[in-house]
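As you go down the protein sequences, you meet chains A and B in turn.
If you read the first sequence in the numbering used here, its first letter stands for residue 876, the second for the next number, and so on.
If you read the second sequence in the numbering used here, its first letter stands for residue 876, the second for the next number, and so on.
Derived by calculation from the structure, the hints in this document are not laboratory data.
One should not assume that every hint holds.
When chains are identical, the list treats them as one kind, so a pair holds in a single copy or across two.
With a Cα cut of at most 20 Å, we get these calculated SDA-like pairs of lysine to any residue [unchecked claim]:
1) Lys1225 <-> Asp1266
2) Lys1193 <-> Thr1094
3) Lys1252 <-> Glu1098
4) Lys1178 <-> Thr983
5) Lys1252 <-> Glu1172
6) Lys1178 <-> Ala1281
7) Lys1252 <-> Ser1106
8) Lys1179 <-> Arg982
9) Lys1178 <-> Trp1129
10) Lys1252 <-> Arg1111
11) Lys1031 <-> Ala894
12) Lys1252 <-> Glu1108
13) Lys1031 <-> Thr1094
14) Lys1179 <-> Asn988
15) Lys1178 <-> Leu1228
16) Lys1193 <-> Lys1252
17) Lys1031 <-> Arg982
18) Lys1193 <-> Met1037
19) Lys1179 <-> Ala922
Protein chains: 2
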Amino acid sequence: MAELSINTARLWQTITASAAIGPGRAGGLRRLTLSDADREMRDIFVAWCRDAGCTVTVDAVGNLFARRAGQDNSLPPVMVGSHLDTQIAGGKFDGVLGVLAGLEIVRTLNDRNMATRRPLEVVSWTNEEGVRFQPPMMGAAVFAGALQRDWVLAQKDDDGLMFGEELRRIGYAGDAPPGGRAVDAYFELHIEQGPQLEAEGLQVGIVTGGFTTYGMHLTVHGENAHSGPTSMERRRNALVGAAMLIVGANEIGWRHHPEGRASSSRVVVWPNKYGILPDFAELTCDIRHPQPARAAEMLAELKKLIPQTEQRARVTVKVAREWTFGDVQFDAGCIGLVEAAARELQVPHKRMLSAAGHDAYHIAAIAPTAMIFTPCKDGVTHNEAEHIEPDYTAPGVNVLLRAVLARANR
Amino acid sequence: MAELSINTARLWQTITASAAIGPGRAGGLRRLTLSDADREMRDIFVAWCRDAGCTVTVDAVGNLFARRAGQDNSLPPVMVGSHLDTQIAGGKFDGVLGVLAGLEIVRTLNDRNMATRRPLEVVSWTNEEGVRFQPPMMGAAVFAGALQRDWVLAQKDDDGLMFGEELRRIGYAGDAPPGGRAVDAYFELHIEQGPQLEAEGLQVGIVTGGFTTYGMHLTVHGENAHSGPTSMERRRNALVGAAMLIVGANEIGWRHHPEGRASSSRVVVWPNKYGILPDFAELTCDIRHPQPARAAEMLAELKKLIPQTEQRARVTVKVAREWTFGDVQFDAGCIGLVEAAARELQVPHKRMLSAAGHDAYHIAAIAPTAMIFTPCKDGVTHNEAEHIEPDYTAPGVNVLLRAVLARANR
């Protein structure tokens, strides 16, 4: 089977076609979930899958499943996939590579008329990025039962547009119930989004689990007042409260450096005008650490900032929503298949954790799961300059192909 | 002349009518400059002025002048006024009281068939608040030659709507050139916007000048990156840079407490989404102190934050625009007239500075100017709960009437 390998040029053609749909301002992609560009990408992807002989189904939250029949279609499928939506200033590969690698695996098997015992399904999960509708990894979360379908359909973006209506608008509100069916295994290939593989000259990262991540929306309530006559001790400036939380969270990240990190990436302020102290701010904080106990410490430190900020800025701070992900250990059997494939193909590899969020974390709750990382230039991601090369990537996709095949023929 | 006094009930009728135009969410006003509500208020005010026998002219930036002829109309007018626009969550009296007090003075003189030697003009300046278009005090600034008309007409609000187009849309792009004509004197009555008069049981503050104020827009440039895999030392989070500046400015305010104050009331972040570190932020900082030398110290401290922030957050900070106001000493002659009127009417009063911005600062550069403060409840302003009572206010308006009359008959 040593000669079995994907057609890298063909994979790159699909990546290049995808890279033209929803272009960003600086050479990357801005393909927000349920946007017109998302529809266009879905349409092309579905056409490609049908051309490859797959049956495409769409579930009620827009997850796409392209099924290649197996020899025994009573068996649960082996799934391969990731997501086709991007960040608002995102790259051409984050998510996209994992879905199109799945399609390339189907095409490679078709080329050789190779059947598998179990059916294969190439999956594209809806709204992995969480940039337009929150939380991230929505489609996979519903499929795995971690979020309720109706709740997701009712979420709104910053312009007040509703997830369910936008999904109907782009024609991807499907009939299939999301989840509730057996999955034999799930494999996801993704760019590393960090610099380790490249720095160490490795072509494959075998992801064993994630950084434990805690996120929260915080609201800050203060009081409108005039920027001039209102003396400092009478102020209840919600923006000052938000800024104290943002600076404090950043300091927590540094205290747990180099493994820990803490981020604020979003603040909404009202009225956010000149001359009037704002009475409301809403912000997002996110902390991550590879060790769950250290992540819990960081979370406790973040929560300690709340009463401190309330006192210093004379505001009221509330935790409006909390979430967590990443404290997951992927399946030893699936990891073993990936590792065996990497050894067999003599691809330099190591085990590692992911610091990002992935659809695979949710699917791991309902099916044996593994992830493969491939290198990306300088670890740059969620940035339009994100870049990979075919040489960096093809070995990982071939490892994926072997692992999927082994599992599907089990 | 002891029997000459305004009709407080009639003044209150106009204030009550104004309070219904552009209502806020919580009992105050939200009458943003050049909005439909601004048009409605202007229409009613113009009708009232014409009913009072005035000739109304509108200049090219929308300033309104309601002229009551004098005995010698070759003499420059005495002006009385303030502004009819409000903050986005503003009160019913800030600015409004000063304009409608001017109208009430005209009506009182009409009641008694009292002529004045010089003509009187009741003025409403466009966009004092600076909430929708910046900087504040735009109309008065153009009239006094501190801003160029064409530059002002080209300014845009947060929705990209242009000042000049909005002015035309509401029908108040007038023919009169803004400024460039002699003004004998300018008097402005305004609520104090602070707690001093009420606390000391005084009914009139004679404003001798302003707190020296420095404002600036700062831009922060960082780099998009992923909130997870990007380690702390690789980050260039523009929001963290902005938050450091906001917290730092707040600390400067406290170091110069109780007289000094420093504010950030606005931050705009891009992309301001979950999961992606923002590459851009823009914020407004504003510092004030009654002593010009101390204000200059505060400004120097604020500017020292810039390189510190650039280093700590690995961002680039630029001063996109700077402005200053308030370092003004009003005219001794006009102040003397106000003080003489207060003494004559036995109204408890004191001299004081204003910590807010006022149209009068600009007009003081081209004409002898004075301001009268009247008390407001608890000093609350730029807040929908702003409140005054007729009893608190009428003595100040009567002082204004005497001072204006004395000047106009000089």
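Status of each hint after checking the structure:
1. Taking the closest pair of Cα atoms, Lys1225 and Asp1266 come within 20 Å of each other only inside a single copy of the chain (18 Å); across copies the shortest separation is 81 Å, beyond that limit.
2. In the homo-oligomer, the alpha carbons of Lys1193 and Thr1094 lie at most 20 Å apart inside one protomer (5 Å), although the nearest pairing across protomers, at 29 Å, exceeds that limit.
3. Taking the closest pair of Cα atoms, Lys1252 and Glu1098 come within 20 Å of each other only across two copies (16 Å); inside a single copy the shortest separation is 47 Å, beyond that limit.
4. Proximity of Lys1178 and Thr983 under a CA criterion of 20 Å is satisfied in neither setting, with 51 Å inside one chain copy and 61 Å between copies.
5. In this assembly of identical chains, Lys1252 and Glu1172 lie within 20 Å of each other by CA distance neither inside one copy nor across copies; the values are 32 Å within and 47 Å between.
6. Taking CA atoms no more than 20 Å apart as the test, Lys1178 paired with Ala1281 passes in neither setting, with 46 Å inside one copy and 63 Å between copies.
7. In this assembly of identical chains, the alpha carbons of Lys1252 and Ser1106 lie at most 20 Å apart only when taken from different copies (16 Å versus 51 Å within one copy).
8. Proximity of Lys1179 and Arg982 under a CA criterion of 20 Å is satisfied in neither setting, with 53 Å inside one chain copy and 61 Å between copies.
9. Taking the shortest alpha-carbon separations for Lys1178 and Trp1129, only the intra-copy value of 16 Å comes in at or below 20 Å, while the best inter-copy value is 25 Å.
10. Proximity of Lys1252 and Arg1111 under a CA criterion of 20 Å is satisfied inter-copy only: 18 Å between copies versus 45 Å inside one chain copy.
11. Taking identical chains as interchangeable, the C-alpha atoms of Lys1031 and Ala894 are never at most 20 Å apart, the minima being 27 Å within one chain and 34 Å between chains.
12. In this homomeric assembly, Lys1252 and Glu1108 come within 20 Å of each other (Cα to Cα) only across copies, at 18 Å, whereas the closest approach inside a single copy is 50 Å.
13. For the identical chains of this complex, Lys1031 and Thr1094 are intra-copy neighbours only, at 17 Å inside a copy versus 29 Å across copies, given an alpha-carbon limit of 20 Å.
14. For a Cα distance limit of 20 Å, the shortest separation of Lys1179 from Asn988 qualifies neither inside one copy, at 60 Å, nor across copies, at 70 Å.
15. Within a single copy, Lys1178 and Leu1228 get their C-alpha atoms no closer than 26 Å, and across copies no closer than 42 Å, so neither meets the 20 Å cut-off.
16. Proximity of Lys1193 to Lys1252 under the C-alpha cut-off of 20 Å is found in neither arrangement, the shortest distances being 39 Å within a copy and 30 Å between copies.
17. Neither within a single protomer nor between protomers do Lys1031 and Arg982 lie at most 20 Å apart by alpha-carbon distance, with minima of 38 Å and 53 Å respectively.
18. Taking identical chains as interchangeable, the C-alpha atoms of Lys1193 and Met1037 are never at most 20 Å apart, the minima being 25 Å within one chain and 38 Å between chains.
19. Proximity of Lys1179 and Ala922 under a CA criterion of 20 Å is satisfied in neither setting, with 52 Å inside one chain copy and 58 Å between copies.
Violated hints for the displayed structure, listed by number in ascending order: 4, 5, 6, 8, 11, 14, 15, 16, 17, 18, 19.
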